[in-house]
Amino acid sequence: MAAPASPSIPFARNLREAGIAAAIAMALAIPFLGLRTVNLDQGLVVQANLRYVPLAGLVVFLGRLVLGLLAAPLRRAVAPLAGLKPPAGAQRLRPYGGPLLILAAAVLPFLPFANRYVIDLGTTALIYILLATGLNITVGLAGLLDLGFAAFYAIGAYTCALTTTQLHWGFWPALAAGGLASSLFAVLLSLPILRLRGDYLAIVTLGFGEITRIVILNWQSLTGGPNGVSGIARPTLFGLTFDRRAPEGGHTFAEMTGIAYAPEQRLIFLYLVILALTALAAYTVGRLRRLPIGRAWEALREDEIACRSLGINPTMVKVSAYATGALMGGLAGCVFAARQGFVSPESFGFMESATILAIVVLGGMGSQAGVIIAALFIVVLPELARSFADYRMLAFGLAMILIMIWKPGGLLSGRTPTITLSARKAKSMAEATS
Amino acid sequence: MGFTLAVGTFLQHLINGLTLGAIYGLIAIGYTMVYGIIRMINFAHGEIYMIGAFIAVTTFTLLLGAGVTSVPLALVIVLAVSCGFTAVYGWSIERVAYRPLRTAPKLAPFISAIGMSIVLQNFVMLTQGARSKSLPPVMTGGITLWRDGDFSLGVTNIQLFIILLTVALMTGFTLVINRTALGRAQRACEQDRTMAALLGINVDRTISLTFVLGAGLAAVAGVMVTLYYGVIDFYIGFLAGMKAFTAAVLGGIGSLPGAMLGGLLIGLIEAFFSGYVSSAYKDVAAFSILILVLVVRPSGLLGRPDIEKV
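These protein sequences, in sequence, are chains A and B.
In this text, residue positions in the first sequence follow our numbering: the first is 24, and each later residue adds one.
In this text, residue positions in the second sequence follow our numbering: the first is 19, and each later residue adds one.
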């Protein structure tokens, strides 16, 4: 791939490569597209559909040929765009981007096209944004690869579910408990494993995620096992519920405000709750990055040994990164539980961890805007592809591969340090060293 | 009587654990080799094993339909066909999803691998159906080692076949890595890819062959599982892949004997834990032991510690 692009790749070579690709595609197609095992009553039968094999070969042949012929002209056409900088005015608008985005998201449920489905999708997207914001602290800022983030999500959701159903807490104390419980687990987990580095750390977090899921699945007496927990408390607004009828001694939102009852109100309120939480989380992370602790996270990501020699305690820095990330995961879990009204272990498998990690990496590690774009992409794409029904997960996986090949650093890959030397300081330093 | 029975049960768990461990070990080698050479967790490797198992089922069914009754002949054909096609899959995956990302940031190939894993799972589900596929038992019978009243300790022919084939493959594989030009090139690339390229080793080809070899071994594991359990579905690659990866890390990722040792340990832990304690928590036991081992020895049992130069 790194081969220098020759000015004109001979047509013959392209033809040959397309031929090889087609031959391989046909070999790949034979055992799966060409021969299909069919379950019948008397056992398996193999059905041959060999006409698909040359078809697959033809598609790959043409695709490879077109790609090979167009690659060089395309690269020449795109090259001048890379040097393009956004206009100077855009830079000044930057600080207003966040508040504007939040405002736009806040009015979304009141727009005419916003039905139940749109609000629900928005809530899902926001839950993922909150989750990915949390994971972004651990992976993007502190550089600690975490493959079991769904465990914190699960702990938050189950804490919320159990405190509201067993102890009859309301939503808000349960939300706090969920966040804190996740955070506490993160501290307990991170203490023994901080010696580990890189991929070893990743596999231990993967193990922790699986252990959490298996324990939840098998601890029948507490978690209900595979049946899950249902009847989780819905959020209230200063004690007002969003039900049709008020509970004993309580009031409903519709009674107190005089606004006619509508079932969507509960959804809209939940949407606004998660929006507020996510906005708060994003704001907090933005501020934390400017505090010593946030700088220590990024410094640790860049070079642990240099950090140590500068007197930063890596243990505290890592534990705080885990705990802060897990706090957000726990909060998201709690909102998830309140939205569904039901939790079960299957919502927190490894694929969930992988999806959240994919959001962070696709967005560009450490970038908040990237997280938002990637989360919208990951939540909305499968919905858009709903008409393809069975093929949507296939398309989803392919899109992940293609985006990584197209932009290996993520969609917004500016891994700029939050702090750089100011011009004055840099000048004085240059003078001091010369 | 009570004591001999206890010993017998213990030995039975040992045999079951060894069988399971052999299968995990074969898959773990694919993880460890790829990690050793390009420092990447090939997350789609579990799906490669699943693809091997599916090709095995298809081939067995075809042979059954064609009236091949000789078991050894059928086994040889199935192993050859499954390894061959699966190796092409391994090669293509590297070429399409990983090679363009060789110089990319570390996590990019990992995400690409997760994407590839999703693609392969859904590809198999769409083409072969979501229902599980079961085969009539191909190999039956076994050797009874010891009998005492109702209790009998035995090795089935399938278990014997799995363990022996694994030992043979391991021996052959170690020879390939230690003695042949390919193995030498591979070890060179593992140590320093740039230097190896400067000395005239075709790095791309060596990496491709690593994927081909890893896929071949995973396909053998797939054939074994098809024989051992008789039932497969498109989802088996996920859990097996995760355990095999755990095995590779337990043994020290990048180390071939480590992968085998890790595989055996995970298999034995699973068998003994589900035999004596609880089968629901057997995976918890495997992961807990992994965490304990890593806390004491951060680079696995046989892994070399990473020395970081400043």
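By construction, these hints were calculated from the structure, which means they are not laboratory data.
Watch out, some of these pointers could steer you wrong.
[Claimed, not checked] Cut-off 20 angstroms, straight-line C-alpha distance, at most; resulting in silico cross-link-like pairs (DMTMM-like, lysine to aspartate or glutamate):
1. 124/B <-> 325/A
2. 124/B <-> 222/B
3. 124/B <-> 406/A
Each hint tested on the structure:
A hinted pair counts as satisfied when its Cα atoms are at most 20 angstroms apart, and residue 124/B with residue 325/A qualifies at roughly 13 angstroms. Under the criterion of a C-alpha separation no larger than 20 angstroms, the hint pairing residue 124/B with residue 222/B is consistent with the structure, at around 18 angstroms. Restraint check for residue 124/B and residue 406/A: not satisfied, since their Cα atoms lie roughly 30 angstroms apart, outside the 20 angstroms limit.
Hint 3 from the earlier list is the only one contradicted by this structure; the remaining hints agree with it.
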